[in-house]
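Colleague: Listed below are the residues making up each chain.
Number of protein chains: 4
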Amino acid sequence: MTEPAAPHCAADHLCIPEDARKRARHRLSIARGHLESIVKMLDKDDAYCVDVLRQIKAVQGALNGAADVVLRGHLETHVATAHERGDTVELVDELLEALRYR
Amino acid sequence: MTEPAAPHCAADHLCIPEDARKRARHRLSIARGHLESIVKMLDKDDAYCVDVLRQIKAVQGALNGAADVVLRGHLETHVATAHERGDTVELVDELLEALRYR
Amino acid sequence: MTEPAAPHCAADHLCIPEDARKRARHRLSIARGHLESIVKMLDKDDAYCVDVLRQIKAVQGALNGAADVVLRGHLETHVATAHERGDTVELVDELLEALRYR
Amino acid sequence: MTEPAAPHCAADHLCIPEDARKRARHRLSIARGHLESIVKMLDKDDAYCVDVLRQIKAVQGALNGAADVVLRGHLETHVATAHERGDTVELVDELLEALRYR
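Chains as they are written, first to last, in our numbering: chain V, 1 to 102; chain F, 1001 to 1102; chain B, 2001 to 2102; chain Y, 3001 to 3102.
FYI, nobody ran anything at the bench for these hints, they're computed from the structure.
This one's a predicted model, so the numbers in the text were calculated from it and none came from an experiment.
For glycine and all other residues, C-beta sits at the position ideal for the given N, C-alpha and C.
For lysine-lysine, the following DSS-like pairs were computed, each having C-alpha atoms within a straight-line distance of at most 30 Å:
(1) Lys2057(B) - Lys3022(Y)
(2) Lys1057(F) - Lys3057(Y)
(3) Lys2022(B) - Lys3057(Y)
(4) Lys1057(F) - Lys57(V)
(5) Lys1022(F) - Lys57(V)
(6) Lys3044(Y) - Lys2057(B)
(7) Lys2022(B) - Lys3040(Y)
(8) Lys44(V) - Lys1022(F)
(9) Lys2057(B) - Lys2022(B)
(10) Lys2040(B) - Lys3057(Y)
(11) Lys2044(B) - Lys3057(Y)
(12) Lys1040(F) - Lys57(V)
(13) Lys3057(Y) - Lys57(V)
(14) Lys1044(F) - Lys22(V)
(15) Lys1040(F) - Lys1057(F)
(16) Lys57(V) - Lys1044(F)
(17) Lys1040(F) - Lys22(V)
(18) Lys1057(F) - Lys1044(F)
Chain Y regions said to be covered by chain B (calculated; three or more residues, Cβ under 8 Å):
(19) 3014-3020
(20) 3024-3033
(21) 3038-3046
(22) 3052-3059
(23) 3065-3079
(24) 3087-3099
Please model the complete structure; the sequences and the hints are all you need to start from.
Modeller: This is the structure in structure tokens:
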């Protein structure tokens, strides 16, 4: 199995892998459209509370899916190579902070 | 303390209270704008994974806030009056289903 | 359909319904046993991180199940009758606080 | 800064780092004691629903804390060295699976 590459797109900066970036962007665009439709649903005064809660939950699920794509890209390209670069502790600290209360 | 009213906007239908509807709509509009900015962030190839994860988490927090507004409205106007109407079990079943894995 | 009763076991106090109490107690006992087995797993120095994470997740699922039993009992017996008693706002405030970040 | 070591305690197996193992064990022991006290609380028929929900949430928080200790140890010792060992994809797959719905 070929190991994923670890691109550094700038001297001081780790960039999101191209594929993960495009897939996350696509998923977030869909979530945005879904969210737009909930806002419209709330323009009408006959919206039902539980329907709104269900729709919000669906958007949360879509956001979790997008976050998983980004997290996978980050783990595979940046965290998996951290020992070689020598920035393990910094990377793990910031990642755990970003995942908290997820 | 005055008890909240329990509006029924249609014969067969419980409607989200006006105030909760407007506040939830406002919060969701802001979340949509935030989500739009993450999509734009992902148009650039130098986005950083952990920044994207943090932004997604912030939108999730905003969605939770909007859901809390709707949930409060639902509990105060519909669930709190369920025993009087006689639909307690139905309302609680559908609410628990909507909250699951929240 | 018969509406659930709303027992008040003391003048100033709403009590958890008997059935919910026993079922929640049973589920929490099982979760405690599961947690005990994870502690034992961690006594051995060849435990694997991801196995531990999976087991902790399973216990979290069991706790969610127990919380759902208690929440259902609370909604059916106490929240659904709040408008009649006149304590809707207090009950909903404390419930939302207890559910936050669930 | 010294990079964390990457111990392999058996030929075919990655072990939880000693320090993370002991700290996670300690936290889980405390959570077990807390859970035990909730079970006892439910032996009495005057337990109040929202108190039980709050206590369960506190145990969930303690379990999240223990999971964070294990996750940090796993990321620092196993995931950060995955590219060198050549098992990045396998490790990331199983980790994402274990984190899902966390």
